Amino acid sequence: MSDTHFVRNQMVEEQDPPAATTGVAGWLRENLFSSVSNSILTLLSLAFVYWLLAQALPWIVSPTWHAESLTECREIIAELGYGGACWGIIRERWLQFMFGFYPAELYWRVVLDFLLLAVALAPVLFTNLPRKMLYFSAIYPFLMPWLLWGGTIWNPIVVALGFVIGFYAQRLLKPSIGELAATIAAFVLPIIWWLFVAGPVADALASVLPLSIQAVESRNFGGYMLSITIGVVAIALSLPIGILLALGRQSDLLIVRSLSVGFIEFIRGVPLITLLFVASTLLNIFMPPGTDFDIILRVIIMVTLFASAYMAEVIRGGLAALPRGQYEAADALGLDFWMAQRLIIMPQALKISIPGIVSTFIGVFKDTTLVSIIGLLDPLGLSRAILADSAWNGIVWEIYGFIAVMFFIFCFSMSRYSMYLERKLQTGHR
Amino acid sequence: MSELTAERTVDRSQMQVSDEVAIQITHMNKWYGSFHVLRDINLTVYRGERIVIAGPSGSGKSTLIRCINRLEEHQAGEIVVDGTELSSDLKNIDKIRSEVGMVFQHFNLFPHLTILENCTLAPIWVRKVPRKEAVETAMHFLEKVKIPEQANKYPGQLSGGQQQRVAIARSLCMKPRIMLFDEPTSALDPEMIKEVLDTMVELAEEGMTMLCVTHEMGFARQVANRVIFMDQGQIVEQNEPEAFFNNPQHERTKLFLSQILGH
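In order, the protein sequence lines correspond to chains A and B. So the first sequence is numbered by my numbering: it starts at 1 and just counts up by one. So the second sequence is numbered by my numbering: it starts at 431 and just counts up by one.
Keep in mind that the hints were calculated from the coordinates and are not lab data. Warning: the hint list may mix true and false statements.
What the hints assert, rightly or not - Here are the computed lysine-lysine pairs in the BS3-like style, where the Cα-Cα straight-line distance is at most 27 Å:
id: 1; chain 1: A; residue 1: Lys132; chain 2: B; residue 2: Lys521
id: 2; chain 1: B; residue 1: Lys521; chain 2: A; residue 2: Lys174
id: 3; chain 1: B; residue 1: Lys562; chain 2: A; residue 2: Lys132
id: 4; chain 1: B; residue 1: Lys574; chain 2: A; residue 2: Lys174
id: 5; chain 1: A; residue 1: Lys424; chain 2: A; residue 2: Lys351
Stated by the list, open to error - The following label-pair restraints were derived from C-beta to C-beta distances:
id: 6; chain 1: A; residue 1: Leu425; chain 2: B; residue 2: Gly488; range: 33 to 41 Å
id: 7; chain 1: A; residue 1: Ala160; chain 2: B; residue 2: Glu573; range: 42 to 50 Å
id: 8; chain 1: A; residue 1: Gly269; chain 2: B; residue 2: Lys562; range: 51 to 59 Å
id: 9; chain 1: B; residue 1: Asp519; chain 2: A; residue 2: Leu425; range: 35 to 43 Å
id: 10; chain 1: B; residue 1: His570; chain 2: A; residue 2: Ser34; range: 51 to 59 Å
id: 11; chain 1: A; residue 1: Val49; chain 2: B; residue 2: Lys562; range: 56 to 64 Å
Remember, it's a predicted structure, so these values are computed and weren't measured experimentally. Backbone N, C-alpha and C define an ideal beta-carbon position, used for all residues, glycine too.
All chains, full assembly: derive it from the sequences and hints.
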């Protein structure tokens with residue numbers, strides 16, 4: 001039985017893998033030609049891709065950018081003997097697709113607004129930028145509507161004051177009336193301010209010191225500018241509201257929990273389009289006569305509520321995936337509820353939920369096209385008017401293709417960003 | 431029996447038990463629904479004591495120490511920690527939690543933060559210590575548990591034993607007066623148990639008040655000044671380690687010791 005005895009007297013050195021499994025050749029072999037059936041599939045797929053491109057490319061590269069009408073397009077194509085798409089309509093109408101009926105001399109305000117949006121978003125999206133930029137990100141939500149709608153500067157300022165009131169209510173009242181009561185006050189006081197005090201104060205300030213830019217009415221908004229405005233605001237607001245709802249749903253306080261569950265289940269149980277109809281028609285019935293409650297604002301509120309309900313459920317999934325030990329460790333170290341949420345629980349729960357959160361974002365952005373049904377002129381709403389233009393009668397693919405490509409660019413960037421974020425936040429095994 | 435700390439002699443010079451009461455538990459009861467998990471617990475812990483709590487699984491040992499910092503709520507009786515009574519008053523709970531450190535079976539490090547951030551988080555946010563000072567304290571304790579070079583790694587990159595030592599350092603950064611250990615070595619590979627126990631022995635040598643739920647009887651024998659044996663939610667027997675291991679009185683204790691020391 002000497003076979004059972006073995007002692008290694010020389011350890012095996014580390015060696016390079018076989019050459020056939022590395023480099024380009026290795027990659028091709030492994031991924032495309034690893035077996036006979038795999039090779040056949042690879043060749044068939046290549047043939048299919050070639051056929052697809054051969055059909056689509058000539059149509060896409062059609063040199064019809066300068067055509068003034070569909071007839072002219074057809075002449076160009078007949079002359080050249082190839083091509084298919086009639087891009088003249090995009091050249092003619094692209095400004096409308098971007099800005100709707102926004103006054104042309106004020107386009108710069110929209111452009112500036114979205115450039116500033118990029119500046120405000122950058123430090124939020126990329127943490128290696130200077131943290132001081134976040135101050136601008138905090139101001140931007142109040143600057144954005146002012147630049148778009150114009151009017152007196154006091155409106156955004158009194159709205160911002162509401163948040164300041166809420167912050168200090170929590171801070172100053174906590175020692176005297178306790179954490180819970182202070183938190184409730186931090187929600188209720190700003191609402192009272194916005195509903196009853198803010199308007200008169202803004203009017204008073206405006207009459208003392210009239211600082212304003214030319215106002216633009218909501219019915220002139222349209223195109224991608226409208227989609228982006230609704231989408232960005234709903235996305236930005238739905239995340240914090242969703243977090244609060246998700247926490248509310250887990251709360252020990254019966255009333256907070258019931259309200260959260262009721263809200264989430266109700267909103268999720270109703271199609272967005274019905275909520276939009278409520279926003280466009282029903283709300284007017286309940287408002288006191290003569291109130292001018294902006295239609296875009298109403299739509300934004302509805303889309304935000306809708307997105308928040310979905311967001312809450314996505315985040316609840318992230319919360320549920322966290323081990324209980326994380327809560328216990330935070331408790332054992334003496335962190336209070338909000339600190340634990342902010343420093344320990346949410347960073348991890350949100351990280352787990354990134355794919356779901358971004359899916360919801362993308363969904364919200366695409367759902368903004370539904371506003372065309374209640375008569376707002378988003379790209380889809382505009383397309384109907386353009387289709388009816390006699391010079392371009394009969395054109396369909398080019399317009400819808402253009403709209404689709406624009407939406408794809410936005411949604412695909414969001415998707416790529418979420419993948420980047422997931423990779424960046426990867427910190428080894430949990 | 432594993433003599434995991436046998437290679438070094440435990441220095442008992444600093445291990446002095448004072449008359450000052452650190453924890454006073456009187457007639458404490460706890461139920462999970464209708465299940466009576468802790469029954470009439472009476473326990474006085476003096477400052478500087480090292481108490482090991484042993485017992486079969488489900489005997490309520492973990493629940494007992496988790497009641498001390500209110501990770502579990504007791505329904506009857508009284509727990510006074512450092513002169514502060516545990517009630518539903520949130521202020522008292524926060525006060526006690528910042529004075530009592532806890533080490534968990536599964537470490538419960540924060541995986542999204544580096545080792546250093548794990549250690550400085552609570553001092554900065556709870557104790558309001560300036561960041562620079564918190565970092566210095568954290569590095570001091572990381573050196574003490576012998577892993578200062580890992581400070582900028584994430585918990586997922588460390589071995590189990592290293593993670594548990596970080597967890598101990600993280601608790602120490604709050605400068606606690608009492609340390610609770612909830613089966614700190616149960617989730618570790620045998621080779622890593624020793625490094626964690628060594629850290630705990632060092633802590634004991636410095637006179638820390640410690641309550642340990644553990645199955646490491648070698649540790650109990652060498653470091654503890656009192657061993658408490660629990661079964662069915664009650665304290666069945668408590669004694670000094672020598673007497674506890676050599677001359678158990680209660681039938682259940684004898685059975686337990688014969689089971690775990692028998693092989």
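Against the structure, the hints come out as follows:
1. A:Lys132 with B:Lys521: 35 Å, violated
2. B:Lys521 with A:Lys174: 12 Å, holds
3. B:Lys562 with A:Lys132: 21 Å, holds
4. B:Lys574 with A:Lys174: Between Lys574 of chain B and Lys174 of chain A the Cα gap is close to 39 Å, so the pair fails against 27 Å, i.e. violated.
5. A:Lys424 with A:Lys351: Answer holds: Lys424 of chain A to Lys351 of chain A is near 10 Å, not above 27 Å.
6. A:Leu425 with B:Gly488: 33 to 41 Å: 38 Å, holds
7. A:Ala160 with B:Glu573: 42 to 50 Å: Hint holds: Cβ distance 48 Å, inside 42 to 50 Å.
8. A:Gly269 with B:Lys562: 51 to 59 Å: 53 Å, holds
9. B:Asp519 with A:Leu425: 35 to 43 Å: Given a distance of about 37 Å, which is inside 35 to 43 Å, the answer is holds.
10. B:His570 with A:Ser34: 51 to 59 Å: 56 Å, holds
11. A:Val49 with B:Lys562: 56 to 64 Å: Holds, since Val49 of chain A and Lys562 of chain B (Cβ atoms, about 59 Å apart) stay within the stated range.
In terms of the numbered hints stated before, the structure departs from hints 1, 4, listed from lowest to highest.
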